[in-house]
Amino acid sequence: MAQSEHHPGGSIGWTSVPPVARVTLSHAGQLNAISIQMWRELRRCFEEISARPGLRLAVISGQHGAFAAGADISEFSAQRMSREQVRAYHEDIIAPALRAIAHCPIPVVAAIDGACIGGGLEIACVCDLRLATDRSRFGVPINRLGFPMAPQEAAALLGLVGGATALELLLEGRLMDAEEAYDKGLVNRVVPQALFDDALDTLIRHIVAGGPAAARRNKWLIRRLMELAQGPGLTAAQKDASWDFADSQDYRRGISAFFNKTRPDFQDD
Amino acid sequence: MAQSEHHPGGSIGWTSVPPVARVTLSHAGQLNAISIQMWRELRRCFEEISARPGLRLAVISGQHGAFAAGADISEFSAQRMSREQVRAYHEDIIAPALRAIAHCPIPVVAAIDGACIGGGLEIACVCDLRLATDRSRFGVPINRLGFPMAPQEAAALLGLVGGATALELLLEGRLMDAEEAYDKGLVNRVVPQALFDDALDTLIRHIVAGGPAAARRNKWLIRRLMELAQGPGLTAAQKDASWDFADSQDYRRGISAFFNKTRPDFQDD
Amino acid sequence: MAQSEHHPGGSIGWTSVPPVARVTLSHAGQLNAISIQMWRELRRCFEEISARPGLRLAVISGQHGAFAAGADISEFSAQRMSREQVRAYHEDIIAPALRAIAHCPIPVVAAIDGACIGGGLEIACVCDLRLATDRSRFGVPINRLGFPMAPQEAAALLGLVGGATALELLLEGRLMDAEEAYDKGLVNRVVPQALFDDALDTLIRHIVAGGPAAARRNKWLIRRLMELAQGPGLTAAQKDASWDFADSQDYRRGISAFFNKTRPDFQDD
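Chains A, B and C, in that order, are what the protein sequence lines are.
All you need for the numbering used here is the position in the first sequence, starting with 1, plus 614.
All you need for the numbering used here is the position in the second sequence, starting with 1, plus 614.
All you need for the numbering used here is the position in the third sequence, starting with 1, plus 614.
A hint or two may mislead.
Where chains are identical, the list cannot tell them apart; a pair therefore holds if satisfied intra-copy or between any two copies.
[Stated by the list, open to error] With a cut-off of at most 25 Å between alpha-carbon atoms, the simulated SDA-like pairs for lysine to any residue come out as follows:
#: 1; residue 1: Lys-853; residue 2: Arg-830
#: 2; residue 1: Lys-853; residue 2: Glu-698
#: 3; residue 1: Lys-875; residue 2: Ala-860
#: 4; residue 1: Lys-853; residue 2: Ala-716
#: 5; residue 1: Lys-853; residue 2: Leu-842
#: 6; residue 1: Lys-853; residue 2: Ser-664
#: 7; residue 1: Lys-875; residue 2: Pro-633
#: 8; residue 1: Lys-875; residue 2: Ala-823
#: 9; residue 1: Lys-875; residue 2: Asp-815
#: 10; residue 1: Lys-875; residue 2: Arg-819
#: 11; residue 1: Lys-875; residue 2: Thr-816
FYI, nobody ran anything at the bench for these hints, they're computed from the structure.
Construct all of the structure, not just a fragment, from the sequences and the given hints.
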């Protein structure tokens, strides 16, 4: 069975040969930059996978030589400028997609070969395992665009790598190669690209060889314990302040410089 | 002074030359697989060590070329099949033994040479320091047996290595060599086997050279802060659901395949 | 603009060439051991930096070939012997200084070249990023002095490196070289000393190139999420018990042996 939708703005495809579902991020010419349409399809795709009987494992990978290089920048001006747009983008579009992966009852593996940046890294963070090739690169370089990470997305990054690495990625806008990503816990394993398919097959075989109910229970248990360890969470007012940046001149300067391929001249006004 | 009990099903021995207590896991021919009797002795042993004046440090190691290769599989059919047996095994046998180590007021060091798997890894996780030889191996490959990790045991693993490594160990049933275990925070230090005794002596000397009250306070403080960071914990209903696997056919398939040395044919029914 | 105060007991200097503030730990002949006066100046310095407009980044480094080798031991006998002195030292002197750094709204980088020990390590732990040369060394070897770490200081260390490394540092009084400190998450990056200035310049340039409001928000967000993850914290009685060591003979033995350059003979009485 194969279900795949194609849009000019990129698409999420998925196929399943039970017990394994394979999800593909695809946005030709854009290193699979994730459009709003793709976030919506990703959510729907994982809701379907979660409801489909007979599946024991889902694998997410990217086409076109990348995992995903971030959000689709072309949508900024029309979809991500006002405070309400920004809130809706993060809370109504991204958060439900990431939640659908995190709450998918079966294990989800990110198979990463190439750029795993911004939204791509956020997807990888909510997967249960991350296998990467040695040519992969990781980061969230949004500091150059003049906006901060959204709280729920930051919480997933923090839960995976801890505060020191989260601050390093965010404050420096740092890109890490695969070796450093392994050192800092962003990925479970790094293999040469030539061995990637074999390593992924082995990983799939090991998971599928285990009891499927035990896998679901272990995923649920570890994720539940991690949620409990996050504590009470931000207040509503603190969450709301997350969108203050949308009203700033610096945000406009950052986006504008990005499109004009110039250095942003942030004024902090 | 030496106290040691011998049983056909393995035993826990301990001796003390104050200020150091040495605890030995021993189950000949079974890589020190931990029987119910051994869990009970381990609890009693650490209750005695905790009450004994003049001790400043306890070291746990294994005989017969291993730390401990897991639980004693031969006890599955008689002791770990019904839901009530499974609950009692984890809550009344294992949990109190692990708690006796974690709450032992003096530092406890796991000296690991060889297999440190399943229950052996769980013991190592609740020790305060883990020194390992380069030939040691680590894992919790219970996915092949068709049952999930118990909540308290998973919480100790999660607290030590974080979610990514906990999920990797549980979902893949992955065995890690000593280098990978060091990379992922499962052990504090890895030394060649030929240097193991010297490295352990040095470690003991450093701990014993410090103020004993300061050591007890530091252990208590770090462990208390770690407990507080776990948050409110699972509900009673969530804990109870941990034993659902005992009623499943897949659990029976997994155990049966293990004894028959066949591949389990999990059906997820 | 430059503000610097000089005292025989060491001093904290700071200068700013906006948008970067540079803070210097200096205590000649003492590897920048931090005196009470220096802790007070450090607090005032970061309160000023926090209030000064136009700054986007603060860098802390040490003079005299070290970051800071700990607290100023010469103050023990006059300032840190009674229970009330010890409490006041940690709660009224150190805690506010470390809090002023942690709560400084702009990113703070620890630029570490040489000894980063005791109070020096505590300063590094509350910075947002830690860049170190390959000749740096890290530790909190207070076990030889016979006293435990204060709760808030331990919480900052635990939040950075986790329980296994915190216990290793405290129970063994272990000094780690830069490579091990990197392996265990104590520092973000290690560079050869000859490349240190260039690496620091690059790091500063990357942070300053980002949106300043986004940097402040990201720092606040990650730190807030980390605080929430700490849970409810110790009770007042548990905090109060932190100062019990001041009444012990072993504390006096430890301090006395340190001054006499002998091995302390702890009695645990």
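Verification of the hints:
1. Lys-853 <-> Arg-830: between (31 Å within a copy, 15 Å between copies)
2. Lys-853 <-> Glu-698: within (13 Å within a copy, 41 Å between copies)
3. Lys-875 <-> Ala-860: Within one copy only: 21 Å inside, 61 Å across.
4. Lys-853 <-> Ala-716: both (21 Å within a copy, 21 Å between copies)
5. Lys-853 <-> Leu-842: both (19 Å within a copy, 14 Å between copies)
6. Lys-853 <-> Ser-664: between (29 Å within a copy, 23 Å between copies)
7. Lys-875 <-> Pro-633: The answer is between: 24 Å across copies meets 25 Å, while 46 Å in one copy does not.
8. Lys-875 <-> Ala-823: between (50 Å within a copy, 14 Å between copies)
9. Lys-875 <-> Asp-815: between (41 Å within a copy, 23 Å between copies)
10. Lys-875 <-> Arg-819: Classified as between: cross-chain Cα gap 18 Å, same-chain 45 Å, threshold 25 Å.
11. Lys-875 <-> Thr-816: between (43 Å within a copy, 21 Å between copies)
Hint check: no violations occur; every hint is consistent with the structure.
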